[in-house]
Amino acid sequence: MAQGGYVGKILYVNLTDGTTEIIPTADYEQWGGGHGIGSALFFDRVKDKTVDGFHPDNLITFMTGPMSGTLAPSASGRTEITGIGVTQYPVGWFTRSNFGGRFAGMLKFAGFDGISIQGKAEKPVWINIVNDSVTIEDAAGLWGLNTHETQEEIWDIVTGQPDVREWWGIGGSRDGGRTTQKPAVVTIGPAGENLARNACVLHDSGNGGGQCGFGAVMGSKNLKAISAIGTGSVPVADPAALMELRTEIKERFGFNPDAPSLETPVPGVQLYGILNAQPGYGTLLWPPMAEGAQPQGCMGCFKNCRMNHANGYANGDICVEGLYWMASSDQNENMAATTLLDQMGLNVYDVMAHSYMLELYKQGILGPGKEIDTDLPFDKYDTYEFIESYTKAIAYREGIGDDLAEGITRAAVKWGRYEQDTATGLLNRPQWGFMEHYDPRLEVEWSYGSLFGDRDINEHGVNWHVHWMPLVTAAVGQDPLVSAEELVNLIAESTGVGDPDGWDYSVDGIYSDAKLKAVSWHRHYSRFFIQSALFCDWAWPMLVNYNAGDDHTGATPDYEIRLLNAVTGKDFTYEQAMEIGRRIWNIDRAIWVLQGRHRDMEVFQGYVYDVPTAAPYFLPIKNAEGEWVFDINVGRTLDRERFEDVKSRFYELEGWDPATGWPTRDALAALDLAFVADELEADGKLGS
Amino acid sequence: MTTTELETPETIPALTPPSVELVDRALRDLDYEDRLVGYKMTPSAGNDRANLYSLPQAIVFLLGTRWDSPMLTPGFKGAINWVDLNAFANWLRDAVGDAPLASAVEEHVLPLDSYYAQVQTLSRVLGMRMDQYREVRGVVEQEADEAETTEDAG
Ligand code: SF4
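For the protein sequence lines, the chains are A and B, in the order given. Taking our numbering, the leading residue of the first sequence gets 44, the next gets one more, and so forth. Taking our numbering, the leading residue of the second sequence gets 802, the next gets one more, and so forth.
Hints listed in this document are in silico derivations from the structure and should not be mistaken for laboratory results. Just so you know, even glycine gets a beta-carbon here, dropped at the ideal spot from N, CA and C. Careful: at least some of the hints might be erroneous.
Cβ-Cβ distance ranges computed for the label pairs, FRET-style [claimed, not checked]: (1) R935(B) with E209(A): 43 to 49 Å; (2) E195(A) with P901(B): 55 to 61 Å; (3) T467(A) with D825(B): 32 to 38 Å; (4) S904(B) with S691(A): 29 to 35 Å; (5) P814(B) with E528(A): 53 to 59 Å; (6) S904(B) with E294(A): 41 to 47 Å.
Derived, one-sided and incomplete: chain B residues facing chain A with beta-carbon distance under 7 Å [unchecked claim]: (7) Y833; (8) Y840; (9) S845; (10) G847; (11) V861; (12) A918.
Which chain B residues face chain A? A few, computed with CB under 10 Å, are given here [stated by the list, open to error]: (13) P844; (14) A846; (15) L911; (16) D914; (17) V920.
From just these sequences and the hints, can you work out the full model?
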């Protein structure tokens with residue numbers, strides 16, 4: 044079979060001396076793409092892995108995957124970023140972020156599988172990629188613009204016309220090709236320029252790579268934006284097979300608007316889309332349809348989980364940015380706040396800490412002349428005036444915004460509140476300074492994975508089924524679509540883990556060996572399929588299907604592998620792909636160890652152990668009678684001692700030293716990572 | 802398409818009209834200690850704690866900004882905004898200070914099976930009570946306006 048998927052070149056840019064280099068993708072193809080290639084490039088090219096995220100030697104990558112730019116469903120439009128982050132606390136680990144849209148595809152159409160960037164430009168620059176041509180341009184005219192203005196300006200510069208709607212010629216030559224497309228631009232806003240640790244990168248209207256502060260890392264390199272436009276295409280080894288798979292997946296697992304097999308029992312319950320994938324369900328901002336909104340999606344995706352809104356606000360904002368600030372009774376103001384956040388280039392997960400600050404204000408701790416002195420108008424918290432001044436204060440580091448631009452965790456440390464407020468949960472940052480996402484006391488493949496890794500994992504593939512399915516159905520007064528027992532059996536089967544106890548969230552279940560195998564599966568699956576092959580996390584893995592009547596069999600793992608093979612022409616098996624995931628997870632672990640990671644650091648903040656859960660939180664548990672039920676799991680905490688035992692057993696499972704958490708030579712050698720073991724040994728950090 | 806039959810009460814008897822004092826007290830901003838804690842449950846952020854410092858804020862949280870489109874329907878966000886409705890009834894009585902409203906919630910809302918049915922009925926109970934609040938306020942404002950007009954005339 045023909046070979047396909049990759050376009051053959053990775054661009055390396057040294058901003059310090061303004062040189063570029065082409066790295067053959069073939070040298071790194073063994074890592075799959077995306078994150079795997081980013082980790083391998085980092086390991087090879089960053090000699091001192093303890094450098095700070097703001098150091099010029101920090102290497103950041105924007106990588107695509109083999110299916111980017113193809114018609115592989117929900118696997119074509121994501122871009123993975125890697126490098127040392129600046130948001131995490133106390134250490135900015137080597138980490139990742141990811142965004143959707145059309146940047147990945149456009150980069151490949153221009154001839155590149157990815158970009159790696161090192162160094163620091165003397166003055167602000169942007170990278171201009173037009174087909175094979177790469178130039179580093181002066182960004183003096185862009186510095187200071189917000190993210191939307193920057194993109195519009197670059198579109199004008201590259202296309203030479205202020206309003207691209209017609210065909211235009213690329214690169215000024217007949218051979219360049221013609222297109223109707225605008226360049227795909229990823230940029231930073233004022234927050235990134237001002238090195239706010241919570242700065243994101245933004246692409247198009249609302250695709251943000253938010254977590255870990257890569258906007259600030261770009262800012263520290265004096266890199267305002269990267270633009271890519273190309274007229275090439277991505278080779279697909281077996282196009283007919285790919286199209287057949289796409290149609291099959293859409294018909295079997297997708298939502299059919301003409302004849303839906305599953306519809307919300309209560310009309311208009313948008314959250315039901317978690318189960319039936321109705322288009323547009325992903326957005327958290329749901330203006331009345333009468334005001335106008337239409338589904339929108341990333342390149343090549345049939346799910347189109349996003350929305351564009353007739354009021355012009357918050358277009359494409361699918362995720363938590365839609366929750367940024369919702370204190371106004373005017374929905375337009377809430378949506379305008381999200382747009383402002385995008386334009387300033389801030390990561391909502393960190394800056395939505397205004398609600399924590401409001402609690403401090405209400406307690407008399409924060410405010411004008413108070414212990415934490417600020418004149419931000421918390422007395423007008425529900426007005427747009429408040430959120431505008433708060434957001435801009437951070438982006439421009441004005442007043443208390445200078446503290447907040449260090450990230451809320453570092454700000455709380457500076458204010459002397461961190462220990463106290465993470466002990467009570469007032470500041471719910473369970474690990475590495477990240478906001479609590481799913482409950483760390485209950486949904487432990489999320490929290491264990493985050494703590495043993497580098498950031499909030501933000502992987503929903505299991506969560507949709509174990510948590511949201513029973514929650515949404517209960518909320519609308521419906522029985523679960525699948526019983527707890529059938530659910531855990533389906534997941535055990537489709538993941539290949541085999542033991543349903545891996546999805547037992549009971550008081551004992553969260554410490555079991557079976558659970559640790561499920562956690563391990565999750566790490567390896569995500570590192571390869573989601574973060575390297577770049578299947579979208581909002582669609583994959585498809586562990587359970589609710590759109591085909593009584594047949595609840597999911598698409599995973601069969602369809603991921605068939606798609607990969609149809610595009611690349613390779614002969615991947617699921618087991619091999621999972622081994623690549625394990626390999627990537629281990630090279631990452633080695634980088635964290637070189638950065639100073641030790642078992643002693645892998646502890647949650649106090650509230651996780653000491654403050655019981657208060658709200659219902661649906662998850663399957665195996666009860667004392669051995670029956671599977673969905674429980675609401677109120678009043679739960681994580682037990683310190685039992686969690687310490689979890690650590691020892693998890694480390695052993697991964698081939699890491701239980702005393703230190705450091706990988707051993709044997710485990711690394713088995714993954715063909717002896718060169719990694721050598722570097723750990725030279726640094727005195729090889730596990731035994 | 803399957804539909805959910807909501808077991809909700811057909812009629813909810815009108816509550817005794819509130820006094821001006823009760824309305825003023827019930828609509829005030831509360832101190833930190835008197836707040837009601839709810840949770841906003843969303844796919845991208847999990848359970849996010851929400852502190853509610855007044856009855857109007859709690860109503861917006863639970864029911865959205867349109868009386869005809871309570872939680873979970875178009876016009877509101879893709880979130881389940883959850884409050885322990887037992888605690889809500891207690892809060893209405895103890896912190897907000899509207900005992901008749903608290904009793905109505907206990908009688909008509911709490912016995913219902915699903916959270917969805919509870920919130921739908923809650924919107925009717927609260928809507929009815931807010932109409933009464935508005936009526937009381939309206940009378941007061943009208944009296945104030947008349948007083949002002951009389952002064953101007955003088
Ligand atoms: S599911 Fe949504 S976020 Fe994922 S690729 Fe499709 S449109 Fe983009």
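Hints versus structure:
1. R935(B) with E209(A): 43 to 49 Å: violated (56 Å)
2. E195(A) with P901(B): 55 to 61 Å: About 57 Å separates the Cβ atoms of E195(A) and P901(B), which means 55 to 61 Å holds.
3. T467(A) with D825(B): 32 to 38 Å: holds (34 Å)
4. S904(B) with S691(A): 29 to 35 Å: Given range 29 to 35 Å: violated, Cβ gap about 55 Å.
5. P814(B) with E528(A): 53 to 59 Å: Distance hint for P814(B), E528(A) is violated at roughly 44 Å.
6. S904(B) with E294(A): 41 to 47 Å: violated (53 Å)
7. Y833: holds (4 Å)
8. Y840: At about 4 Å, which falls below the 7 Å cut-off, the nearest Cβ of chain A leaves the hint on Y840(B) intact, so it holds.
9. S845: Hint holds; S845(B) Cβ to chain A Cβ min 4 Å, cut 7 Å.
10. G847: holds (4 Å)
11. V861: The hint holds - V861(B) has a Cβ within 7 Å of chain A, the shortest such distance being about 6 Å.
12. A918: holds (6 Å)
13. P844: holds (6 Å)
14. A846: holds (5 Å)
15. L911: violated (15 Å)
16. D914: holds (6 Å)
17. V920: holds (9 Å)
Of the numbered hints given earlier, the model fails hints 1, 4, 5, 6 and 15; all others are met.
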